[in-house]
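Novice: For the record, the sequence lines run as chains A and B.
Going by this note's numbering, the first sequence opens with residue 1, and the numbers climb by one from there.
Going by this note's numbering, the second sequence opens with residue 1001, and the numbers climb by one from there.
Since the hints were made in silico from the structure, they are not lab data.
One or more hints might be untrue.
[Claimed, not checked] Restricting the straight-line Cα-Cα distance to at most 30 Å, the calculated cross-link-like pairs of lysine-lysine (BS3-like) are: (1) B:1203 with B:1485; (2) B:1124 with A:166; (3) B:1107 with B:1094; (4) B:1196 with A:166; (5) B:1208 with B:1103.
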Amino acid sequence: MNHSLLSDRPQRQSWQPGRLLQLLHLDAPLLLGLVLLLGVGLMMLYSAGGQDTGLIIRQLIRLGVAMGAMLVVAQIHPDRMRDSAYWLYAFGLILLVTVLLFGDEGKGAQRWLDLGLVRFQPSEIIKLAVPILIAAFLAERALPVSALRMILSLVLIGLPAFLIAKQPDLGTAILIASSGLIVLFLAGISWKIIIGFLGACAAGAPILWYFMHDYQRRRVLTFLNPENDPLGAGYHIIQSKIAIGSGGTFGQGWLQGTQSHLEFLPERSTDFIFAVIAEEFGLAGAALLLCLYLLIAGRGLFIASQAQSSFSRLLAGSISITFLVYVFVNVGMVTGLLPVVGVPLPLVSYGGTSMVTLLAGFGILMSIHTHRRMMSP
Amino acid sequence: MSSRFTLKDHFRESRLINGRLLVAALISILVFSVVIVRLVYLQVFEYEHYDSLSNRNRVDIEPLPPQRGLIYDRNGVLIAENIPTFSLEMVPEKVDDVEATLKELSKLLALTEEDIADFQDRLKRHRRFQQVVIRQRLTEAEVARFSANRYRFPGVDIQGRLIRHYPQGNLFAHAVGYVGRINERELQSIDQQDYKGTLQIGKTGVEKEYEDILHGEVGYRQVETNVQGRIVRELMSVSSRSGDDLFLNLDINLQRVASESLTDFNGSIVAMDPRTGGVLALVSKPDFDPNLFVSGISSKDYAELRDSPDRPLYDRALRGSYPPGSTLKPFVALAGLELGVVTEHSKTYCPGWYTLPGHDHRYRCWKHYGHGMMDMNDAVAQSCDVYFYDLAHTLGIDRLHQFLDLFGFGHETGVDIPSESSGLSPSREWKRASRNQAWFPGETLISGIGQGFNQTTPIQLAHATSTLAMRGVMQEPQVVRASRKAGQNEMELRGNERVNSLPMQDSQHWEAVVDSMVEVIHGERGTARHVGEGMPFKVAGKTGTAQVFGIAQDEKYDAETLAEKLHDHALFIAFAPADKPEFVVAVVVENGGSGSKTAAPIARKMIIEHFGLELDEPQPAQ
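Next comes chain B alone, as it looks inside the complex (with noise of 0.2 Å):
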């Protein structure tokens, strides 16, 4: 130390010292005085309340798990409801051996391994003194089994439960999508408080997405027991809220017909009200039951579905990528319109083909022998490929990417079911960055045809097919339509806002494309005459059709030998009335052949079912 401090005061700074561990120790004493005054009140005072929750009575809390809210479809049938099933349930910490419980309940209601595992699974994720499931979905005769021999397991209880149950099977397998039982990375995500008691949770589609207001809220209760821990009264309770119920906009009616006229096609078709961005209808066939997730899908069933190469799992609708075809002409056509490119009435001749200027290459039109002299009203209607290739050619795939740009293609739809994809919208930027290739003329030509590159969601068809129908007025699609809160008669109205508005320099640009769509359906040439037949509007339209594998030059299309799988896709896409639109509709048949012959006879399925017009099935012009 040094010799300046030297002069420390030794017995002053004992004093100070030693006066200080004299308040400190009053302090100390004050302050457990305080506690000891608390152990007075709860000992002495309160003596009678605590001793009556205890020593006669054993109390313990419960979580009440909310109920899930419900979804109706936009008629008011019933889509997703919980029904009560019967689970066996351990708290573990009222267990002395959890080992031997498990063998001796094995013994009663048969346990498999499986249900041994899971449930070993589920016990490091709980709490000692949390009920943990051990097997769901008791039958009657095992509940009865163990009812009578329950006092041989104490901390062992049948829970009566609600869970999730679809009743209208696969029907709306992808759209509503399904719960299952929560877990790990979910588990570290959600509010674990709330989750109490609770199972399941939104898995995929409208129960995923939303999840947060179907769930509700957890309640509790403070139950008195008996020595084994089996309830003997309620003390008291704070019930839980239930979750809202959610209304959709999809319509059953037009969801079965849609997937019962898929018939054993693969393939999805979605359906919209251009007017509000409300999906009516969202296939993907094939399909698969949801109820077989809600409680935990065998391994086998699981395999079966995963492994199956018609992929019943994968949701067509929002994530299945096609290349759009001659669906793509109409907006193609605009492009051409609305940049000055080409006018209603110019005209290109199609001799079969079309060839870029300096080169031999031939890029052929459908029709072998050409169409002749063509306007934009006439390739339209009957799809002529040269005219686009042409107009392709003129529009630069700058330009050509930047328009469709505006009508959603290559992005996202913004639907609110989660997991969709952005399909592709080719460019020179894109094909630099992922293939680190310069792009050629000729993609340009083939981009125009939407085929080549471009490749388009069911979802991302019918989106863009609204905006063109409403001339321009750009919707998210919404499958939701509203919420209610339980117990409550208002409801909610869910994203109607209008999104974005596309403006054309000439609203005539509008009107000269939906004409050449409704030529496609009324014309005397169009590709898609039958789908109109007897119905008291215009109908606007446009077959496609998408090659599944490249034709070589020269080369006959023979449907006949082809294998199934390597067929075209079938597309179709149609609006009506033509002139007010109510109704959007976009199919994909999956090696379908041509548009005009699955496809449009579809979409014609549709409208008729949702202006509930009475008409006969036309036949198949051959």
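With the rest of the complex left out, here is chain A (with noise of 0.2 Å):
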């Protein structure tokens, strides 16, 4: 590809889609993927929605700008991220401690940051700065992390994700502390610590279990099983598994899902936009969404693995790998297999922030794999 690339350089040829792609850093097959999957995100929200044009409106503006991000971030050489990897993550930090101390409070939780034009979710820079932060602090020395640095990263790691999970949004804390540890991983820790830590959680939860009050015992429980609570938490969750539960093989058909336009799923076009994916196209419609998730971070997954530097490697792999842990902490809960944490269906959901981060995750990629030097293997 990259010999056609140089070999194209001398002929002058009138239209080249490729080239063009080149020119702008971006990637097509992952540029395909996307696009794919954002056409399949604006269909179901128009149903979700309650075929509501002015909805899809907005979430089409969000879209182009999100898209804008994604370009603007594709053209930075990573080099360049890497240099700005502990300012950015100040600036994040910072901006956290801001929102504690003066944030806007939105649904009984301090996230947002009014600066008079714009308001916006500091924990949204902090979603990119971590995992390159943590990538370009590893790559420093050579890999394998030494322990001195591991426990730094943790650090690290461990002061964002806390700062967001005390606003408190625990959701997004717990996505911005894995992306942190999936840079670890992929920098080869090894198995003896992974086995170790999960073997300590393992062990430590029952003795944490032994010492909590009977309220927080409760607490947790509901937590972990909301169908105890069927007026709060598991009203969302009983009426998520009968929408898809009816869905099928093959699903109601589009527009036709009666769960969801008979008003019993709640944040149908936000949350549990899932629910109504298989309740339309059942389980041929969801198990083929989740496969263009797959294959959306496999292009990422091979991304990473043919970039040239192990700062690159380390922060392609992240991102790709942190897409699926949304898609899954999402799907997971949409389906009851995990708790309910409020986060949204990458890329599908109704909603802003959190695409224009994406994206820019992805113009990430791209850039990374875009920027290659063209050397002799």
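Both chains are sitting in their own frames, so use the hints and assemble them into the complex.
Specialist: In structure tokens, the structure reads:
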């Protein structure tokens, strides 16, 4: 592919889409996957939102902004990202502290920062800043990671995750922590440590349980099994399982889902949109959608494997896997596998800020892939 | 990058990371497979189940609010019950255009602007898939009118609900209190889950204090609804648990006698069983109809209650602060005995006034020409001020304050009803702290006869009298006697633990003071001679008259010419039988004139009612 690009140079051809994409630093397979996913998302949103074209237009505007962000990020050389990793992280952290002190409360949690013109969530900056920083930090020295670097990384990951969990926004805190931990994993911390850590968690849980008060235990149980609480958290899950189950193998058909259209399913255009998909397109549609997610992330992992520096590899790998974690946390919640934490279905749910961050992340992947230096192997 | 690390083996690193990338990819595929297996389970194996729940039927979950516990008096007479009413409710999520629907509804049912504003308010606090009340207490005609037009209003329906009702009307307005709509502040402090479908919460009195046990536990049911959201069939339900019933110590008959015998006077009556601390009567007049508050009082009714100069919403029994006047004297006398300042037989001469050594200001006795030689018994029986000026002066304010403190003067009694006031038992420290002034010796004298800074609540007065009657056994006043879980027979007794006991150096001191209080009622010169007439036991009591405003020295007090609002408050405390007390009563009649004329006859009526005596009403002594 790269050789062809080199050999293309002297020729002057009137129209070559591949060349235009390369000039714009975009990756064709990834772009194709994303456009497909976004198309499916808009279609589902049209159905879930009660065929409200206004909703679709608002989502399209956000999408335009997000695509713009992707395009801009794709132009930035990975080395510049590495150089500014600490600054970006520090900036994000300051904003997080600011939001804790002065933030606007929306829906009972302090997440928003009002800058007059725009309101945004600083946690979105941190979502990218953490994997960039950890990748840059670990790539400074030879891999695998030393114990000291590992501990320092854990602190760097834990600090913003803690601040966000305090807002409180547990879902985002989990995603941010996992994006950092994935970098650590890719950087080759030894299996002994990973298994030891998982073992310690498994052993620690019963001990913690033993020391908890009754009311704390009850809260944990409701968190783990929301169906015990049918009027609160459980209401969503019960309705969402009915919607999914009634979809069957091939679904009720687009715009035909009864549960979503009779308004039994709460938050059906945002966090619970996967249930609408499963109801209207059945197992076949839901599985295809999951495969599409896997393909997109797969392309990301391929880009990571082809990257030319450890920093790029780690960052691209983390962004791709975190994308899947995102999907899993949402779909796991909607299907009743995981506890309810408010995480949207990436690139499909209605809502703006996370879409910008996600596509900016894919912009990083594209930048990594298209800025490779052509050198002899 | 430092040169030491230029030896980074790029190839090895790439292999390491790529290996990990592969592992991550495999784990991801595994995890997604689990999700797909879950989908297969839900959509293929459980398809029939969920399909029947969803496709042909529409499943909805609604809360089943618990029934609030009932409240009975000690005889089992119902004081607070729940009666069915119909209310108009909306599930906002199921309504396309809330504004338009409201507009149509107001044409049909004549909703007022206030109804709509209240509804908008509630709308903000509820989730979109919960019912929100538009209007409560629909008449039957309105129910019929809406039912005929129901098809026009998807998402709006009539709900039968139980709401609180107080069949005894005004009688228990202050003691039992009332429930009202849950407000914003209360919403923060309750478990909202537990109040789904519940509209009311205890606001005052017993209803507030015992909210957690009266409320019960919410249940829910899964119901099948048709396309408009109307319920067709119930699929499963978890029933709610009704709140506990409460049985009060209050006796409706005593309550009624107390309320009626105050006639048109403002005031308060508290009766207690000194052996248990049980509050038998708790009346504050004027009162109000608690039923007004249950489904939201209209602002006009509320303004009327709030702005009335008689302050009917004010619970005088627990919050009204009155100078105790001469009802404080038995306690001061006990202080004198206990601290060794006087004996039962030490005498003081009353010429009709008292002067402090080195001053010429005359502190007057209520009897202008004086009582003559007085021992303690005479002084209490005839309420001689001079005797107590002298005693208070000898005791000094510090010792007096300390001793009265033991009986709970200046402290909340701990009665099981919220917002009690603590009254005031003045001291040197209090005056320094609150007014930044020194204590004057003259103020000690005034304190000794229960005037001046002293402020006592009626419940405090009853509580202190009860402690005196029990010769030092102190019980916290308790309005609620027992509770009973719904559907059970056993009662759980509430709070009758002995709280404190006041030991005296010589138990004879108690008897001396009690004797002097018996003399008040049964003695030839007692200030309340008529109270004990014809009773089969001895009654101990003490009259009191609290000045509403000061009368200058040498000025004559002429009740006739004073406006009624400036009349003295009449007070009376009593217990019976004197030797083995079973009943304590404290009466405060605002602007009632003198304790013996107005307050004491009320206490007599209460004693007659409590012991079931058959006696004629005595003529008030003129």
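Novice: Determine for every hint whether it applies to the structure shown.
Specialist: Hint check results:
With a C-alpha separation of about 22 Å, the suggested pairing of residue 1203 of chain B with residue 1485 of chain B holds against the 30 Å cut-off. Taken as a hint, the residue 1124 of chain B and residue 166 of chain A pair is honoured in the structure, with Cα atoms around 26 Å apart against an allowance of 30 Å. For a cut-off of 30 Å, the pair hint linking residue 1107 of chain B to residue 1094 of chain B stands: about 21 Å separates their Cα positions. With a C-alpha separation of about 28 Å, the suggested pair residue 1196 of chain B and residue 166 of chain A falls inside the 30 Å cut-off, and the hint holds.
Between residue 1208 of chain B and residue 1103 of chain B the CA atoms are separated by roughly 37 Å; this puts the pair beyond 30 Å, and the hint is violated.
Hint 5 from the earlier list is the only one contradicted by this structure; the remaining hints agree with it.
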